[in-house]
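Just so you know, the protein sequences line up as chains A and B, in that order. Residue numbers for the first sequence follow our numbering, so the first one is 1 and each next one is one higher. Residue numbers for the second sequence follow our numbering, so the first one is 1 and each next one is one higher.
Treat the hints as calculated values from the structure; they're not laboratory data. Predicted model only: the values in this text are computed from it and were never measured. There could be a bad hint or two in this list.
As the list claims (entries may be wrong) - Okay, derived cross-link-like pairs now, DMTMM-like style, lysine to aspartate or glutamate, Cα gap no bigger than 25 Å in a straight line: (1) K561(A) to D200(B); (2) K579(A) to D535(A); (3) K53(B) to D99(A); (4) K29(A) to D200(B).
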Amino acid sequence: MPDSLTAGRVPPVAVSTTSTLVTKTGAWKYIQPVYRDRVAPCNEACPVGIDVEGYLNLIREGRTAQALDLLLRENPMPAITGRVCHHPCEASCNRRCFDEAVAVHEIERSMGDLALETTPRRMPGTRVGKIGIVGSGPAALSCAYHLARLGYAVIVHEAAAEPGGMLRLGIPEYRLPRVVLNRQIEWIAAHGVEFVCGVRVGTDIPWRDFLSRFDAVFVAIGAMRSRPLGIPGEQLEGVRPGLEFLAEVNRGERPKLGARVVVVGGGNTAMDCARTAVRLGSDVTVLYRRTRAEMPAIAAEVEEAEREGVRFTFLVAPALLRGTDRVKSVECQLMRLGEPDASGRRAPVPIEGSRFRLPADTVLTAIGELPDFRSLPTGMDLDQSGVATDQLGATSLAAVFAGGDLTRDPRSVAHAIGAGKRAAIGIDRHLLRAGGLAVNGGDPDELRYGPRGNLSITRWRGDDPVSRHAPLNEVVTFGDINTSQFVHRPRAIGQRVAVEIARAGFDEVNVGLSQDEAYEEAGRCFNCAVCNRCDLCLILCPDIAITRDGDGYAVNLDYCKGCGVCAAECPRGAITMTKVGE
Amino acid sequence: MKKVMVGNHAVSWGVRLARTEVIAAYPITPQTQVVEELAEMCSDGRLEARFIKVESEHSAMAACIGASAAGARAFTATSSQGLALMHEMLHWAANGRHPVVMANVNRALGPGWNIWTDQIDSLSQRDTGWIQLYCENNQEVLDTTVMAFRLAEAVDLPVMIVLDAFYLSHTAEPVDVPEQEAVDAFLPRREARYKLDVRDPRTFGGLVRPDSYMEMKWHLQKSMDQALQLFDEIEEEWLLRFGRRYGAVESYRADDAQLLLVTSGTITSTARHVVDVLRERGESVGLVKVKMFRPFPVSSLRHALAGAERVAVLDRNLSAGRGGIFAEEIRSALYHGNGRATPDVFGFVLGLGGRDVTPALIEEIVQRTKSAPTSGRRDLWAGVNL
Chain A
1 MPDSLTAGRV PPVAVSTTST LVTKTGAWKY IQPVYRDRVA PCNEACPVGI DVEGYLNLIR
61 EGRTAQALDL LLRENPMPAI TGRVCHHPCE ASCNRRCFDE AVAVHEIERS MGDLALETTP
121 RRMPGTRVGK IGIVGSGPAA LSCAYHLARL GYAVIVHEAA AEPGGMLRLG IPEYRLPRVV
181 LNRQIEWIAA HGVEFVCGVR VGTDIPWRDF LSRFDAVFVA IGAMRSRPLG IPGEQLEGVR
241 PGLEFLAEVN RGERPKLGAR VVVVGGGNTA MDCARTAVRL GSDVTVLYRR TRAEMPAIAA
301 EVEEAEREGV RFTFLVAPAL LRGTDRVKSV ECQLMRLGEP DASGRRAPVP IEGSRFRLPA
361 DTVLTAIGEL PDFRSLPTGM DLDQSGVATD QLGATSLAAV FAGGDLTRDP RSVAHAIGAG
421 KRAAIGIDRH LLRAGGLAVN GGDPDELRYG PRGNLSITRW RGDDPVSRHA PLNEVVTFGD
481 INTSQFVHRP RAIGQRVAVE IARAGFDEVN VGLSQDEAYE EAGRCFNCAV CNRCDLCLIL
541 CPDIAITRDG DGYAVNLDYC KGCGVCAAEC PRGAITMTKV GE
Chain B
1 MKKVMVGNHA VSWGVRLART EVIAAYPITP QTQVVEELAE MCSDGRLEAR FIKVESEHSA
61 MAACIGASAA GARAFTATSS QGLALMHEML HWAANGRHPV VMANVNRALG PGWNIWTDQI
121 DSLSQRDTGW IQLYCENNQE VLDTTVMAFR LAEAVDLPVM IVLDAFYLSH TAEPVDVPEQ
181 EAVDAFLPRR EARYKLDVRD PRTFGGLVRP DSYMEMKWHL QKSMDQALQL FDEIEEEWLL
241 RFGRRYGAVE SYRADDAQLL LVTSGTITST ARHVVDVLRE RGESVGLVKV KMFRPFPVSS
301 LRHALAGAER VAVLDRNLSA GRGGIFAEEI RSALYHGNGR ATPDVFGFVL GLGGRDVTPA
361 LIEEIVQRTK SAPTSGRRDL WAGVNL
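Produce the entire structure from the sequences given, and follow the hints as far as they go.
Shown next as structure tokens:
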């Protein structure tokens with residue numbers, strides 16, 4: 001300031017002669033900003049328990065190595081989930097209310113492929129203990145990975161010749177190429193996980209011997225038996241459990257199905273059966289007893305099936321399978337939707353006198369899978385949906401944990417991975433306590449992303465690399481987003497091979513995004529509820545009461561007069577206003 | 001380097017050569033091209049400036065004031081209703097001593113809705129404390145734009161460059177575009193005397209009580225007086241560097257003329273032609289062009305008009321209830337002749353709402369001025385069909 005301002009003469013400009021710092025405008029306020037990170041809805045929605053928002057933000061910042069690290073802390077197999085997960089993260093994405101959800105699964109797949117090019121570092125053995133895992137599907141692999149990363153010695157036991165469980169037997173190659181699956185399992189093994197295949201625990205090794213060899217055991221044998229239709233004619237030749245058919249094709253066999261194939265069911269197994277049958281040259285019809293809206297299959301899978309020529313017949317249930325030795329036709333019953341059932345979906349009700357016949361050379365059943373409870377150790381308690389466990393996977397047997405399709409967990413790869421992680425936390429807590437160590441925390445609710453989310457093992461380990469500002473375990477809604485700070489931009493869509501090529505073989509249908517496209521798509525993320533240091537509050541604060549403070553911001557309450565501009569303008573709802581004194 | 005460009009783009013080029021740092025504008029015909037071109041320049045990197053889109057002219061000026069208060073060189077452009085909407089902020093810019101530069105393309109105010117040229121929009125802002133410079137051609141527009149920043153920043157007052165709708169704004173002429181380096185030497189980066197500084201926070205534009213307010217206004221008037229003198233010096237420097245000067249007041253073939261026409265804006269060019277024709281015929285007619293309206297160049301005008309018997313002031317504006325605004329200002333400037341005879345001032349209101357001012361109309365004015373017994377100090381209307 002020129003001297004004239006302080007020399008006692010009237011300045012030519014209406015500017016105060018003293019600093020305004022003497023006026024503590026903060027005294028005027030009755031509301032004040034609270035700067036806290038909350039939880040993005042995708043994080044809460046993720047059955048794996050990934051800090052989705054966190055790694056997308058690191059990509060946006062160009063810190064891709066850190067982004068990959070953050071992703072791999074929670075998910076051992078992004079290359080697989082990026083391909084086969086039903087991505088509830090996207091269904092909950094706040095951006096879907098603005099234009100379209102962020103294509104998280106495509107970004108995850110891209111990061112997952114990148115992960116497979118890295119060489120895993122064996123973790124120093126900070127924990128002591130030997131863990132036996134039964135099964136080698138996604139739940140088992142996840143549990144093994146997390147325990148190995150904690151430093152435990154882990155041995156995975158698989159009854160089949162190769163590990164992978166449902167990933168290998170149930171999921172067709174065109175969705176999950178074997179090369180990706182094999183490399184993913186090798187990559188997990190490289191963390192120090194030992195695999196023993198061709199050994200059926202409970203048969204080849206008695207449970208009693210098995211349990212005595214380990215400090216803790218995780219049972220994740222899945223649900224590998226197709227549920228029977230329970231109608232006459234099911235024993236006819238040409239009527240096959242869908243899962244058995246998929247396993248056969250996935251082993252490399254190419255069974256002859258005949259010209260006309262009928263698939264019964266509306267879930268992902270049904271879609272896999274239908275699309276696989278198309279690839280074997282058959283004409284395929286799917287029978288589903290409700291409508292498209294009630295189908296449990298991933299919507300994109302249904303669309304792909306249609307694109308490949310699969311016909312859908314809704315509101316139809318098989319009543320009877322006709323034929324002498326071999327099935328010749330399906331006698332169908334027309335249905336209508338009645339009152340909602342226990343699942344909340346409207347229950348199908350038969351329409352009298354409305355039967356018709358559908359010719360079929362092969363009928364594939366895919367109305368659900370059941371666990372084989374006969375192969376479980378004696379004394380293990382069951383509940384109505386499977387093996388009973390607590391929130392951290394502990395069963396009624398001491399030091400025995402369970403998770404995945406044989407428990408009440410929803411039947412999805414992502415839920416299985418999440419269950420494996422939950423059990424890893426449970427086993428770690430159990431062994432630390434058994435070792436006489438005081439364990440702080442471990443209340444599952446404190447480890448969740450949001451009130452209903454899955455657990456974060458990063459929170460359990462207490463080594464989150466992302467700095468959080470007074471984090472609050474509350475999910476941010478679309479209404480908290482200041483959309484004026486964002487521009488509409490279409491969602492990136494992965495390339496798909498032409499339908500003629502798709503139908504002709506087992507090549508992967510979705511080619512995915514290029515690395516650059518994936519990184520760019522991450523830039524569409526709102527970063528809901530998590531401050532990403534965009535500086536908008538700092539720029540717009542009329543009192544210059546906000547300053548940078550380490551990784552975040554500090555509000556100088558001496559001068560904040562409670563105008564609320566920062567909270568209104570924060571693009572992501574990381575600032576809220578509260579009454580002074582509350 | 002010469003380029004053919006419309007008057008609006010001559011403004012844009014001037015703003016670019018001045019290395020303006022912040023532009024905030026709202027579109028309005030016939031100004032829009034000015035900021036469209038600037039937006040292009042900002043987007044393709046020819047001008048490193050922050051272009052702020054705003055929701056009204058009031059905000060455009062407010063944003064320029066903010067930028068200027070932070071020490072930036074700021075510019076906006078408007079017309080007519082847009083300028084009227086800015087009115088409050090015009091006072092703020094001047095009293096706050098923010099050297100914002102604005103181009104106003106003269107346009108009539110509605111209703112009746114009219115987009116054509118008329119000086120009423122800028123002249124209505126006479127008392128806001130803005131320097132006003134009127135232009136005759138596109139070269140003058142570009143040169144004045146650059147000089148305006150120099151003048152504004154020298155006296156900490158805002159400057160309005162004024163050009164006629166369509167006759168200049170949308171008419172293409174060859175314009176000599178000065179070299180950037182030469183302009184940089186003429187107009188260095190702004191060094192703000194007073195500016196916002198978060199490390200030394202002060203209140204700007206706060207309460208000023210009766211014991212100080214008048215002194216501030218005295219400073220404002222003093223700066224206006226300085227601007228009058230400084231403009232001459234700035235023009236001298238422009239002449240040395242670029243070979244052109246315009247003058248706050250310019251006399252054209254005025255020596256010994258018994259009758260002087262007084263014009264501003266593009267009517268000047270037409271009047272020059274009429275003066276040439278009449279001089280050919282041996283008539284004693286000359287021309288005085290007024291470029292600077294605020295501060296009003298009283299002594300230059302007295303000097304320029306001294307000796308003439310009659311003066312015809314051509315006003316493309318109307319202060320309803322009185323008459324032409326330039327005529328009234330000139331009468332006032334000539335009052336009390338210090339013992340010398342003062343010319344009789346004839347005021348003519350003409351060309352409102354973009355009506356053509358033809359050579360024939362100006363000749364008619366000359367004849368009416370010569371033949372009337374006296375002006376009667378009452379303004380006359382020319383080219384009106386009643």
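Structure-based check of each hint:
1. K561(A) to D200(B): This hinted pair holds, its Cα atoms lying about 19 Å apart.
2. K579(A) to D535(A): Between K579(A) and D535(A) the Cα gap is close to 24 Å, so the pair holds against 25 Å.
3. K53(B) to D99(A): holds, 24 Å
4. K29(A) to D200(B): Distance of about 23 Å is within 25 Å: holds.
This entry satisfies every hint, going by the numbered hints stated previously.
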